[in-house]
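S.K.: Generate coordinates for the entire structure from the input sequences, incorporating the hints supplied.
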Amino acid sequence: MADSVTAAAPLPTPSRPADPTAGAAPGRPPDTFVDVRTQELQINMGPQHPSTHGVLRVALWVDGEIVTRADPDIGYLHRCAEKIGENVSYIMYVPYTDRYDYLAAMNNNLGYCLAVEKVAELEVPERAQYIRTIAVELNRIASHLMAVGTYGLDVGAFTPFFYAFREREEILRLLEWICGARLTYNFIRIGGVMRDAPEGWVADILKFLDDFERKLDEFDDLLTHNHIFVQRTADVGVIPIEKALAYGLTGPNLRGSGLRYDLRREAPYLLYDRFEFDVPVGTGMKGTLGDCWDRYWVRMLEMRESARICRQAIAQLPEGGEIMAKNVRHLAFKSKPGEGYVGIENPRGEFGYYLISEGGSSSYRSRIRAPSFCNLSILDAILPGTMLGDAVAIIGSIDIVLGEVDR
Amino acid sequence: MLTYFKNIVDSLRTTVKGMQVTFKNLRRPETTVSYPEELLPMPKGYRGFHTLDQETCIYCFQCARICPVECIEMKADRVEKKFLAWEQFSVDYNKCLFCNLCIEVCPKDCIHMDRRDGSAKFALITDDRSTLNVDLLLYAGLSETDQKAVAKIAADRAAGIETPPAKPAAGAAKPAEGAAKPAEGAAKPAEGAAKPEAGAAKAAEGAEKPAEAPSKAAEAKPAAAKPAAVKPAAAADAKSADPEAPPAPETHEA
Amino acid sequence: MTAAEILATLEKDGQGEGLALFAGPQDPALVVPRERLRAVMTHLRDARHLAFDLLVLVTGTHMTEKKDAKSQAIVREQHFEVIWHLRSVRHRCVLAVKTKLPFSDPEVDSVADLWPAANWHERETFDLVGITFRGHPDLRRILLPDDWVGHPLRKDYVYPREYRGINLEVDAPWPTP
Amino acid sequence: MDTLVPHLQSAWQWATGSAFAFSLVLSILLVVAFVSVWAMFAVWLERKASADFQVRLGPVYVGPFGLLQSLADGLKLAFKEDLVPRESDRFLFLIAPAIAFCGAFAAFAALPFSPAFAAVDLDLGLFFVVAITAVGVIGVLMAGWSSNNKWSLYGAMREAAQLVSYEVPSALALMVPVLVTGSLNLKEIVGFQCAPIDAGSSGAIYLSANGWLALYSPWTFVAFLVYYVASLAECKRAPFDLPEAESELVSGFHTEYSGLRFSFFFLEEYAMMFVVSAVAVLVFLGGWQPLPFVSLDLGGAAGNAFFAVVFLAKCILLVWVQMWLRWTLPRLRVDQVMVMGYKYLIPVTLGALLLMALYAHWGVRYIPGIV
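Chains as they are written, first to last, in my numbering: chain C, 232 to 638; chain P, 1189 to 1442; chain H, 622 to 798; chain W, 96 to 466.
Please keep in mind that the hints were generated in silico from the structure rather than gathered at the bench. Do not take every clue at face value.
[What the hints assert, rightly or not] Only pairs whose alpha carbons sit at most 20 Å apart, straight line, appear in this in silico PhoX-like list of lysine-lysine:
| # | chain 1 | residue 1 | chain 2 | residue 2 |
| --- | --- | --- | --- | --- |
| 1 | P | K1194 | C | K517 |
| 2 | P | K1194 | W | K171 |
| 3 | C | K446 | P | K1212 |
| 4 | C | K314 | H | K776 |
| 5 | H | K721 | H | K687 |
| 6 | C | K446 | P | K1205 |
| 7 | H | K776 | H | K688 |
| 8 | C | K567 | H | K688 |
| 9 | C | K314 | C | K565 |
| 10 | C | K567 | H | K687 |
| 11 | P | K1283 | P | K1263 |
Note that the structure is a prediction, hence the values are computed from the model and not measured.
M.R.: Rendered as structure tokens:
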């Protein structure tokens, strides 16, 4: 990142020569063309901008309304979480994992705990695994609700955001009930979960899910199939499969491009091999395969699948039983030496945790694979040739969380 | 040409459909509340500001050691090896992660993040960051009961009376072991089971005076009654002076 | 496919020169000498029976000198390790590729042209660990400010006390009550 | 000096003695008061409507139902610092909000609220309203240009392009009823809509010959829809709120404004909303007549007050629908706004105009079975 202290920080000089044919770049709407070459304008989108979803700064080179070059600049929220991971003990690090992707903190907890459990070779009780699954899937719904709600904001529809938040609030209530926190849960612990499900929790989830699916249909009427919304998102920001793979896109962004690849299916962790669920992919229903609408639509479908998984997990939830592995002491927990990588399906893609342990109570090296970080890196490849309004729509459709990008 | 008219029809149809949805929601009840006047119910075990049960704390530093951000500062003097003269127990909410770890490691279950009397306090709204370093102590120095006990010991010493040995105390504390099982399964430090859980009987490194326990319990009330916030908790502790009484966490279920 | 099977496949393909297997207790990894990295990586990506088309993660690690507790003999020299995690969508497997770099010369070939995803990962590794990637299109700091001194994820990193007039002292600057 | 004072005194006497000057001052005061109160009410309505649509509470604290919230906000804005960016074009920056407000404000002069309640009865009333509201764009352009902010400039350019484009379909759509009524006088247009079936009939309640123009013929209905959509674009309302598209342009042309000057842009927007709704009501929805095909003929102060209330209620309803649309729809992209204006609205209006002209030539409203 460039200067963060001087107010008038100069934009970074272009490291590539400006493309002289940029005016005719692909992705330009077919019914516009440029007959007069004018001077390019450099504008600074972010870090204080309503639709950069945090403190992302994108330096844009624009020709009228058309973006010719984009340079994402990250790091405004950098805390060097990996260094912290080397300094605090395993148990103490779990709350830090909440802070990468604060919208899907459960999933981060899970990824980290799975990595530690892999290296420390811990067995997690079955009931804990089911509770983890329910919590993680609820959190995935909450995260996707946030994603589609704010995506509505990005394209100018305010109300869907509030409807999404109404549902999300209900999920946050459920999660608060079980762990006492609404956003940074620290619920999934190394070797199990923090608390057992309280009485009535499971029944409340079922009640919520029934209502939730009806509300999703309403949401579809309001936003998904709205003509203006389709116009804004279909055929915009098309990412072909090969490009998506090359840029390391995962999660809904990869599936939006049409590749049926979900780690819950491909490399099952927890108990995902016991559940029946579909992996929705983009089909290019409203435009080209891999456009913004497809990515959005995959998220909408995934929420229904998560609800399905939740129902099955609740049905299979064993009565009683331990929720914590044996021999996990808070202050005295030590891992075995070893190293291991665990990748899980976060709402935003593959959240990976690579852990090198030399024994002892803290890791030797913690490496986080943040899905948003990888997904964001495609930005400078797909923004050129789009319009300013599209740039906002594309950034929104990639669904980044800056806490995770910067870590 | 067909798409031209399809676009017109589509845009009108979906607009009307969307307007129907918003109109339907016009009649739904509001989901927001006027916040400071109206509070959402907080579930049991939510994580907010800490409360410390100073009478029960044994100054074992477990919470300060587990804290990922080192936000707990504690300082006390041991008087006669069993009475704590408190100087400081502060939580710095500039740093606190609200991660609940300090609650889970506590062997005496004396630090809590949910207010037991239901006076939910969780909003960190301030324009002065220095106010966020909160001292949880209700009093500094020795509690009134401890002061009296220490004075009594000093007087006894002056009079040449030996303090009775601790052995009978260990015997009396035995029945309490069963009840001292921590309520939350997650936190179960080994030494927690060895000591009586009941709040009034101040456990200090195995030395216990059974004769003093009831009187202490009776006197604990005025000592803790000063600040209103923790009064019910302290009262509950005083009531549970009976070693057979259930452990403290279950008293706030209502 | 496990790392051992992949190693066998590579040997069969005539790419096995200098390769070894790192057999940890959990995830085995393929150890590649840094001179052969690009050749092996290209093969891993392009060969149909391997098809590692998704680069998941690039990790740089500073491995400090380690001495045996009793004999004081050096069991591990100080060095850097770079680990690439690759995923094959077709064959449903993940592979870790490791390269050891001497401490004095932390430089390795970039794979950003094979997988554009490596671009930011390599920038991050350069930024935080200080490993240089030869042939990277745009190797500059990504998370830290451009004028930051040092690479924080090295074990010998010294915390700065100040950055552009901002006090970075570890102790809380606010007063206690 | 000595000679000047008597002159001034006589001028003052003439001015205060003159019915014309008095009515002029009174109308200006009335319009100012009405616009201010309306803007405050509309801001409250917007906030309350959005809150209702979004299952929120909205303003509740100040006054009953939070009605005085906008007053409190206005006071707050008045006390805020009037920031002028250092690098801005100071003069333009300072007068831009006033100019932007002038257009919408002046349009009120020609709006009849009831048969007798109008500041000026202009023969070219409709033309005047359409023309004068376009002045606002100059203020917006000045604001965007002088702010020395790239986002502001974008907002201003979008506003200029959008307004120029959408003046065409909205004016064309207004031509359809003008074709039918043959008048540009707003009162006469309303008069056409409440003309009795038989000219000789008299009485308080009677059937009208033509009814509301929106229901007069299919083509006038199309014209009404087109005018309503185009008017949304003219007053920068969603889904055409590109000049201040929050998620794209931060705040568009008024990014750099603060305090009272910022509130002037707000006033302008809400005054504009009223003006376009009032024009729609007068031209298409029977003005102050409460029912489509049945007209009332009430005289006197009470009758006029009743008509004014009906007129206001209709305007508020249309404004509320504008808000309803705003809180339902996403925003169009800038090229789509142009496409919509030039490829959809203008051809549709031209078609409606042409067909209406033919029908008028044949002397029919609609052809049963065909339209």
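S.K.: Look at each hint and say if it fits the structure.
M.R.: Evaluation of the provided hints:
no.: 1; hint: P/K1194 x C/K517; verdict: holds (14 Å)
no.: 2; hint: P/K1194 x W/K171; verdict: violated (48 Å)
no.: 3; hint: C/K446 x P/K1212; verdict: holds (12 Å)
no.: 4; hint: C/K314 x H/K776; verdict: holds (9 Å)
no.: 5; hint: H/K721 x H/K687; verdict: holds (15 Å)
no.: 6; hint: C/K446 x P/K1205; verdict: holds (15 Å)
no.: 7; hint: H/K776 x H/K688; verdict: holds (16 Å)
no.: 8; hint: C/K567 x H/K688; verdict: holds (18 Å)
no.: 9; hint: C/K314 x C/K565; verdict: holds (18 Å)
no.: 10; hint: C/K567 x H/K687; verdict: holds (17 Å)
no.: 11; hint: P/K1283 x P/K1263; verdict: holds (19 Å)
Hint violations for this structure: number 2 only, all remaining hints satisfied.
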